[in-house]
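Peer 1: What follows is each chain in one-letter form.
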Amino acid sequence: AQSVTQLDSQVPVFEEAPVELRCNYSSSVSVYLFWYVQYPNQGLQLLLKYLSGSTLVKGINGFEAEFNKSQTSFHLRKPSVHISDTAEYFCAVIKAQGAQKLVFGQGTRLTINP
Amino acid sequence: DAGVIQSPRHEVTEMGQEVTLRCKPISGHDYLFWYRQTMMRGLELLIYFNNNVPIDDSGMPEDRFSAKMPNASFSTLKIQPSEPRDSAVYFCASSLTAGSSGANVLTFGAGSRLTVL
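Which chain is which? The protein sequence lines are S and F, in order.
For the first sequence, the positions run 470 to 583 when my numbering is used.
For the second sequence, the positions run 512 to 628 when my numbering is used.
Derived by calculation from the structure, the hints in this document are not laboratory data.
Careful: at least some of the hints might be erroneous.
On the chain F side, residues computed to face chain S include the following (Cβ under 8 Å) [unchecked claim]: (1) Gly553; (2) Leu554; (3) Asp567; (4) Phe576; (5) Ala583; (6) Phe585; (7) Phe602; (8) Val616; (9) Leu617; (10) Phe619; (11) Ala621; (12) Gly622; (13) Thr626.
Under the rule of at most 25 Å between Cα atoms (straight-line distance), these lysine-lysine pairs were calculated in the DSS-like manner [said to hold, decoys possible]: (14) F:Lys579 - F:Lys535; (15) S:Lys570 - F:Lys589; (16) S:Lys527 - F:Lys589; (17) S:Lys570 - S:Lys527.
Chain S regions said to be covered by chain F (calculated; three or more residues, Cβ under 8 Å) [to be verified]: (18) 522 to 529; (19) 539 to 552.
Each residue gets a CB set at the ideal place from its N, CA and C atoms; glycine is no exception.
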């Protein structure tokens with residue numbers, strides 16, 4: 470079975486500072502990886518996804534993530550955050566073949582301080 | 512497209528009452544998922560359907576929970592009888608089979624916040 474570990478439950482940063490949200494996954498088969506964002510009282514929105522090819526993927530709102538197979542990681546980064554980035558961020562994994570069960574990590578709450 | 516539509520957005524009920532949550536997926540999508548979100552357990556997949564057929568219901572907590580998808584544009588999640596520990600946000604999501612070169616990307620509804628007193 471697949472699993473996802475988000476190493477930080479909360480990350481506070483100052484506005485315009487860089488941020489990295491960490492995600493590690495576990496799987497015995499090939500997987501696809503995703504980052505979703507959840508703003509307060511809303512559903513989840515897709516930020517970016519890694520399927521294959523270039524290990525650096527770019528998403529919406531200036532976010533990017535790097536797939537590292539040897540370290541089984543998929544960390545999310547943004548060089549300069551804004552107040553509007555305050556939200557909960559979820560890393561997720563799905564098997565590349567077979568059952569379509571998207572498994573989520575526990576989430577990281579990103580708080581931007583002025 | 513209006514996206515995935517869930518109703519009600521908020522539901523407050525008393526223990527023992529029946530609760531029905533509704534979902535309208537994006538037109539043309541062939542997968543539908545029900546997730547539950549709590550502080551303690553995070554996002555849990557309860558059940559998912561493909562072409563209206565339940566594929567995996569291993570996440571349904573117990574017999575009090577049931578889900579149906581009578582047609583491609585409607586699904587329900589029912590809890591009977593409800594208990595305080597069922598209090599959570601329930602999300603519906605839908606996706607379209609991506610084919611061999613892609614991955615299903617889930618689109619989520621805004622969620623139904625259930626409070627059982």
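Peer 1: Any of the earlier hints contradicted here, and which numbers?
Peer 2: 4, 5, 6, 13, 16, 18 and 19
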